[in-house]
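K.L.:
When we follow our numbering, the leftmost residue of the sequence shown carries the number 2, and every step to the right adds one.
Don't read these hints as lab results, they were simulated from the structure. Keep in mind the model is a prediction, meaning the values are calculated, not measured. In this text, a Cβ means the ideal position worked out from N, Cα and C, and glycines have one as well. Not one of these hints is a red herring.
Computed Cβ-Cβ distance ranges for the label pairs, DEER-style:
#1 S229 x Q255: 36 to 42 Å
#2 E62 x I275: 19 to 25 Å
#3 G153 x V43: 43 to 49 Å
#4 D59 x G113: 22 to 28 Å
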Amino acid sequence: MSGVDVDLATVWAFIIAFAVFAYVVMDGFDLGIGVLFPVFEVGEERDKAMNSIAPVWDGNETWLVLGGGGLFAAFPLAYAIILPALYPPIIAMLLGLVFRGVAFEARWRDPGHRRWWDLAFTIGSIVAAFAQGVTLGALLQGIAVEGRGYAGGWLDWLTPFSVLTGLSVVAGYALLGATWLIWKTDGGTQDHAFRLAGRFGLVTLAAIGMVSVATLGLDFEYRQKWLSYPAILLTSQVPLLTAIIAFAFYRSLQKRREVRPFLLALSLFLMSFIGLGISMFPHIVPDRVTIWDAAAPESSQWFMLVGAAVLIPVILIYTGWAYWVFRGKVGAEGYH
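Please model the complete structure; the sequences and the hints are all you need to start from.
P.N.:
Structure below.
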């Protein structure tokens, strides 16, 4: 294997990881709005919550397409193994996203049935968030591989560990949704968001701790990567930084900061994402397939890299522009 092959596979691993994290950052908070929707008051509070994400929610899902498409193109062997293993949660996630998208548009155009569309929006959001967490957990706990294909059953993904990761992602997205509303609303809605952020912050931190401990108990080399010497000198910084961020988060809530809680909540997700990278790299299918085993031919990777070098900056620019245009506070009728 040449050095160029190794470099290209690593570059594409980071591109896909960036796309997945960007999706979590961008779409996590609007899925969180859906998770929290039942606790919002019918009327102005729900309208404010919906209006806060109306200009950006559909564009946020661009990163999901980039991540999935990048996996298919850059690591076709991994795609061929992971998709059959995780068809049920992935299909559930896509149906949830479709369901919530239809409900989002229909609640404004069919006010006579708004409560049912609100329910559909909530169910779609929870299903999509839970399915994403289950997919992550199923990947972490391992996929049965024989030769170059999936060798497991239809429900191998469903375990207590994957259910735990699914519930953890739902709680984390709810935290992002609450902190987003702190930033984008005022008055009674913002006060409610502060209370929700405090509660879901505790739930999210507890979930991070439980998933971290449970991951160390899995069959693969996770414990060695995290706890062996001298690796522990570096890996111990992740929980330390997480604790510091958690302290800063609750301090920002106490001081009623508006933007800082959202950024610190995203930082908790970043620490979790770094932890995931430490656990998995260089495997793309844990303990079975490395990024170099799964990589597409070098010529294909170079061809796609040229496209990504053009496409990703364009996505970043138009996304940044959209957020800049709709940067103010939101009311029941739209942005101020």
